[in-house]
Amino acid sequence: MKFAVVVNEGPYQHQAANTAYHFTRSVLEKGHEVVRVFFYHDGVNNGTCLTAPPQDEPHIVNQWSRLGRVHDLDLVICVAAAQRRGIMDERESTRHELPAANLAEGFRIAGLGQLIDASIEADRLLVFGD
Amino acid sequence: MFINRRGPYGSGYAQEALEITLVGAAFDQQISLAFVDDGVFLLRVGQDTSGIAMKPYTAAYRALADFDVHRVYVERESLAARGMTERDLMAIPGEGQGPDGNLVEVVSSAELSNIIDGQDVLMNH
Amino acid sequence: MLHTVNKSPFERDSLGTCFRLARPGSEVLLIEDAVYAALAGTRFEAAVRESMTRCSIFVLKEDMEARGIDAHALIPGIGTVDYGGFVDLAVRNEAVQSWL
Chain A
1 MKFAVVVNEG PYQHQAANTA YHFTRSVLEK GHEVVRVFFY HDGVNNGTCL
51 TAPPQDEPHI VNQWSRLGRV HDLDLVICVA AAQRRGIMDE RESTRHELPA
101 ANLAEGFRIA GLGQLIDASI EADRLLVFGD
Chain B
1 MFINRRGPYG SGYAQEALEI TLVGAAFDQQ ISLAFVDDGV FLLRVGQDTS
51 GIAMKPYTAA YRALADFDVH RVYVERESLA ARGMTERDLM AIPGEGQGPD
101 GNLVEVVSSA ELSNIIDGQD VLMNH
Chain C
1 MLHTVNKSPF ERDSLGTCFR LARPGSEVLL IEDAVYAALA GTRFEAAVRE
51 SMTRCSIFVL KEDMEARGID AHALIPGIGT VDYGGFVDLA VRNEAVQSWL
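Chains as they are written, first to last, in the numbering used here: chain A, 1 to 130; chain B, 1 to 125; chain C, 1 to 100.
Treat the hints as calculated values from the structure; they're not laboratory data. Check before you lean on any hint, since a few could be wrong.
Calculated cross-link-like contacts (lysine to any residue; reagent style SDA-like; alpha-carbon spacing at most 20 Å) [unchecked claim]:
1) B:K55 x A:R84
2) A:K2 x C:P76
3) C:K61 x C:P76
4) A:K2 x C:N93
Extracted from the complex, chain A is given alone in its bound form (with noise of 0.2 Å):
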């Protein structure tokens, strides 16, 4: 079965972000499919290469980009969330005349209808939030 999974929130501030990961772990463990793990509202922090969490702290940001890695999941950052919120890759941050560029390793922005392809593709979609 194909899923997509959106998640709404950021890293640390809501648990959110973490149960959206394991459960994403999850469907993949039982030999399931994720079409796309969609980053909206302040779930785009998911997605910043600035984090630095205590040692004895989960790197939330580093467990998506490993997850992404091993399964070669498509994670997206939606650009309109990112462009509030400071979540920027070369392309955007150039456009943006900005001085930075932050994304994490192993995602992608673009935009929310990547999130509508999603929902098309997929046989469940779940929403993580607050």
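Based on the hints, put chains B and C in the right spot on chain A.
The following block gives chains B and C in isolation, referenced to the frame of chain A:
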């Protein structure tokens, strides 16, 4: 179906929910909007954001028909719990489920429950 | 349909909205802080029991354990599932509605 359960301006969820609503409609999907709990406040008439200098994005609901969104449901029990009636809601021009060229259809919990049950994809904001 | 609720009923009434709008025969999974709604002896127990006459209610085991809740503390009749079971619930229902 996009279910709005939070009011305007206190959080950013509804504004971004509106953006995904319009994108979904542009993808030729059959989009339904439901307003439940504090989400009914999104459609309350008389909003004036000048004092808080925030974008009055709820005015954009009036253009839903232009974006091919024709199914707009408001839960009656949520209205009643907040001391509101249909008269407190903005009219959204268009031909849809609602009466007299108004897309807004106020439905009971039981009716909305059936509508929700028939949806393929649901997103709560 | 599978309904998930993630907020404590003491914080927000998403559970009430879920019970109001979930059709009979639905499955409801309590995750994150919503697991507190499954505790016996709260002011929400009657409402939860009433909903159990119409829907099946489950609690996510990992979130229960994180919060120091063991099975004996739950309202009788509430099932527990782990994350694998969460996936199975999503698979066997036509769609999933998350009441945030």
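Original post:
Is it true that the CA of A:K2 sits at most 20 Å from the CA of C:P76?
Top reply: 34 Å, violated
Original post:
Holds or violated: C:K61 with C:P76, Cα cutoff 20 Å?
Top reply: Since the Cα atoms of C:K61 and C:P76 sit roughly 15 Å apart, the hinted pair holds (cutoff 20 Å).
Original post:
CA of A:K2 to CA of C:N93, is that 20 Å or under?
Top reply: 13 Å, holds
Original post:
Quick one, are B:K55 and A:R84 close enough, alpha carbons at most 20 Å?
Top reply: Holds, because 14 Å separates the two Cα atoms, which is no more than 20 Å.
The structure is inconsistent with hint 2 alone, although it conforms to all the rest.
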